[in-house]
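Please build the complete structure, drawing on both the sequences and the hints.
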Amino acid sequence: MIKTGLLNNNHLSTLKKAVEVYSKRHQITAHNISNVQTNGYRKQELKFEEMLNGAGSRIKGRQTREGHLNIGKSDLGTAQSEIIETESNFDNGVNNVDIDEEMTELATTDLSYRLATRLLSMRYNALRGAIKGQVR
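Read in my numbering, the sequence shown has 107 at position 107, and its numbers run on one by one without any break.
Read the hints as simulated data drawn from the structure, not as lab findings.
Every residue, glycine too, gets a C-beta built ideally from N, C-alpha and C.
Where hints are given, some of them may not hold.
As a list, the in silico EDC-like pairs of lysine to aspartate or glutamate whose alpha-carbon atoms are at most 20 Å apart [claimed, not checked]: (1) 24 with 45; (2) 24 with 91; (3) 47 with 101; (4) 17 with 101; (5) 17 with 45.
Simulated restraints, written as ranges between beta carbons of each label pair [as the list claims (entries may be wrong)]: (6) 135 with 88: 28 to 36 Å; (7) 93 with 127: 51 to 59 Å; (8) 127 with 27: 28 to 36 Å; (9) 16 with 135: 26 to 34 Å; (10) 101 with 124: 29 to 37 Å; (11) 67 with 107: 41 to 49 Å; (12) 64 with 27: 34 to 42 Å; (13) 82 with 133: 42 to 50 Å; (14) 92 with 14: 30 to 38 Å; (15) 130 with 90: 26 to 34 Å; (16) 67 with 126: 36 to 44 Å.
What follows is the structure, encoded as structure tokens:
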């Protein structure tokens with residue numbers, strides 16, 4: 001079975017996971033912005049990158065029994081994000097949401113989301129072209 005080039009599924013799953021994470025991050029940031037004047041609201045943040053520790057490792061342990069722990073490289077598809085309330089020293093007089101920081105985060109997330117969806121679209125177009133026998 002061919003595991004390189006166009007048929008390598010790792011790239012597709014990575015891009016799909018990126019789109020999912022950026023979408024969730026956009027929702028959390030929009031929620032923070034909408035609650036900027038809510039008394040006592042605590043800023044939320046999506047933690048995902050920290051969950052990827054070990055996902056890029058080249059060593060993969062083999063699980064011989066169900067109770068054994070996974071060692072080394074973890075599957076990106078199984079990495080989960082976590083929404084946490086952040087503790088910051090910022091105080092806008094109502095809560096700890098810094099609107100400037102949130103707007104910057106929103107713009108950054110939007111650009112990352114657009115890049116990931118564009119790369120995913122290009123990947124599918126390349127697969128579609130290969131299926132149709134198109135040569136570039």
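Here's how the hints hold up against the structure:
no.: 1; hint: 24 with 45; in the structure: holds (10 Å)
no.: 2; hint: 24 with 91; in the structure: violated (25 Å)
no.: 3; hint: 47 with 101; in the structure: holds (16 Å)
no.: 4; hint: 17 with 101; in the structure: violated (25 Å)
no.: 5; hint: 17 with 45; in the structure: holds (18 Å)
no.: 6; hint: 135 with 88: 28 to 36 Å; in the structure: violated (54 Å)
no.: 7; hint: 93 with 127: 51 to 59 Å; in the structure: holds (53 Å)
no.: 8; hint: 127 with 27: 28 to 36 Å; in the structure: holds (29 Å)
no.: 9; hint: 16 with 135: 26 to 34 Å; in the structure: holds (27 Å)
no.: 10; hint: 101 with 124: 29 to 37 Å; in the structure: holds (35 Å)
no.: 11; hint: 67 with 107: 41 to 49 Å; in the structure: holds (46 Å)
no.: 12; hint: 64 with 27: 34 to 42 Å; in the structure: holds (40 Å)
no.: 13; hint: 82 with 133: 42 to 50 Å; in the structure: holds (45 Å)
no.: 14; hint: 92 with 14: 30 to 38 Å; in the structure: holds (37 Å)
no.: 15; hint: 130 with 90: 26 to 34 Å; in the structure: violated (50 Å)
no.: 16; hint: 67 with 126: 36 to 44 Å; in the structure: holds (42 Å)
Going through the hint list in order, the structure does not satisfy hints 2, 4, 6 and 15.
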